[in-house]
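Note that the protein sequences, when read in sequence, are chains A and B. Residues in the first sequence are numbered from 2 upward in steps of one, following our numbering. Residues in the second sequence are numbered from 53 upward in steps of one, following our numbering.
Hints are computed from structural coordinates only; laboratory data are not their basis. Each hint should be verified, as a subset may be incorrect.
Claimed, not checked - Dumping the calculated BS3-like pairs for lysine-lysine here, alpha-carbon to alpha-carbon at most 25 Å:
id : chain 1 : residue 1 : chain 2 : residue 2
1  : A       : K19       : B       : K229
2  : A       : K199      : B       : K145
3  : B       : K132      : A       : K15
4  : A       : K18       : B       : K229
5  : B       : K145      : A       : K13
6  : A       : K19       : B       : K257
7  : A       : K159      : A       : K183
8  : B       : K306      : A       : K13
9  : B       : K306      : A       : K68
All of these numbers come straight from a predicted model, not from anything done at the bench.
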Amino acid sequence: MITLDTVTKIYKIKDVKKVILDQVSFTFDDSLNIAIMGHNGAGKSTLMRMIAGIELPTSGLIERNEKVSWPLGFASGFNGLMTGVENVRFVARIYGEDTERVLASVQEFANLGRSIDLPISTYSSGMKARLAFGLSLAINFDCYLIDEITAVGDRRFKKKSEVELKGKILNARVIMISHAEKTIRDYCENGVLIYQGKLYFYDTIDELLNDYRKFC
Amino acid sequence: MGLFRLIWLQVRVISALTLRETRMTFGTSHSGYLWAILQPLVSISFLVFLFYLIGRQAPYGASLALFFSTAILTLELHNKLSTSLMRAFTSNKSLLTYPMIRETDTLFARLILIACTFVMINCLLYGGLIVFGFADLPAHPEKMLLAFMVSCFLGLGIGTLNAILFQCNQSWQHVEKIFARPLFFLSGVFYIPSALPPEAIAVLKWNPILHLVEWTREGYYPHYESDVLSIAYPLSLAAVLTMIALFWERITRKKRV
């Protein structure tokens with residue numbers, strides 16, 4: 002369960018004030034796979050970062066009692082100078098997982114071959130995304146936060162990630178940001194829309210997409 | 053989360069970060085770490101050798117090399133902490149993607165790494181001096197250890213303040229650099245502070261590093277007694293600065309994104 006309690010988030014940079022969330026109270030039920038949609042700049046990634054716990058709201062409280070992943074997206078938390086192996090070991094360590102098991106699992110999934118011994122700065126964005134994705138799958142989270150990353154990779158990889166992620170969802174759940182209708186229908190049954198500082202919950206994806214098309 | 057699990061989490065995070073800092077700072081080859089020790093060692097030795105050639109008498113004791121080393125090692129530790137911690141937040145921005153890593157963890161990891169490196173440098177330099185007959189064994193090593201720990205404490209406070217200021221305004225890195233050179237002359241590196249005229253002492257005693265240097269000397273030499281040394285000063289300054297710095301860091305965390 003992830004609970005937002007009168008959360009407000011305002012960005013104020015050099016006289017430009019942007020209200021992302023305005024006194025929002027909401028609970029992400031841990032049995033639901035929820036999609037987050039909104040127009041560009043509405044605050045989807047910010048909301049995800051706050052849910053993950055890596056950004057603080059301006060006011061209000063966010064409570065979580067499940068093991069939440071870091072937001073999986075293209076802006077990865079990798080250090081470019083270090084190799085893939087070193088970054089994987091680092092993340093495994095901070096999550097208290099067995100480094101060798103995680104490394105083996107990532108190697109098998111991401112299929113980077115010898116590149117895993119090279120610095121991350123030499124990777125293409127697709128390779129980085131595959132590594133990040135493989136890494137998060139290797140660690141057993143209760144809640145996977147996905148920021149438009151499932152679209153990466155060739156057809157074979159997409160198929161593999163779909164199978165893996167669906168396997169994980171049997172025991173965990175997903176909170177996903179995406180603009181692609183098919184992806185959302187594939188993984189989520191419910192959704193929220195961020196619009197003008199408020200969160201709107203929908204019981205079905207159809208209703209979410211209707212409002213998304215109408216307002217965004 | 054229970055208290056025990058929280059402590060275990062903190063230990064995990066700091067040790068992972070420290071390992072990572074080691075990798076990043078010293079490269080992927082083992083020789084990288086060698087350089088971390090070699091570079092300060094060589095530059096200190098060079099200074100010592102230079103003054104030896106000029107033929108100056110040691111202000112205290114028989115060995116100029118030892119007299120210098122007691123000061124320079126402390127000074128270098130402080131400078132290293134000051135500059136390295138200043139960049140702790142900005143170098144590790146990508147790490148903050150992971151929820152359990154807080155900005156303060158990056159500070160502690162760097163502190164641990166630098167402290168360990170300097171323990172080695174101290175041992176090697178003093179060891180070398182002893183082996184080649186320039187020095188005897190230290191008389192009160194426990195005093196030296198205490199001085200070292202307070203130096204680390206002070207470095208933490210000052211380094212954290214630098215980090216916050218640097219993140220607010222990049223120009224701070226230039227201001228920070230300006231302090232390093234005067235410190236070299238104000239810390240008693242090549243003179244005995246107690247032997248200076250009272251007007252000079254009145255000003256110099258405000259430099260906490262001077263006290264740490266004198267403390268180190270009281271620890272090494274059997275009979276060195278400093279009229280200037282006040283242990284309470286660097287210790288309380290370190291405590292106050294660190295407290296202010298960590299408090300300030302926490303308060304401005306939301307805004308410093």
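Do the hints match the structure? See the list:
1. K19(A) to K229(B): violated (37 Å)
2. K199(A) to K145(B): Cα-Cα ~29 Å, so violated.
3. K132(B) to K15(A): violated (33 Å)
4. K18(A) to K229(B): Violated, at about 35 Å.
5. K145(B) to K13(A): holds (20 Å)
6. K19(A) to K257(B): Since the Cα atoms of K19(A) and K257(B) sit roughly 50 Å apart, the hinted pair is violated (cutoff 25 Å).
7. K159(A) to K183(A): holds (13 Å)
8. K306(B) to K13(A): The given pair, whose Cα atoms are some 11 Å apart, holds under the 25 Å limit.
9. K306(B) to K68(A): holds (23 Å)
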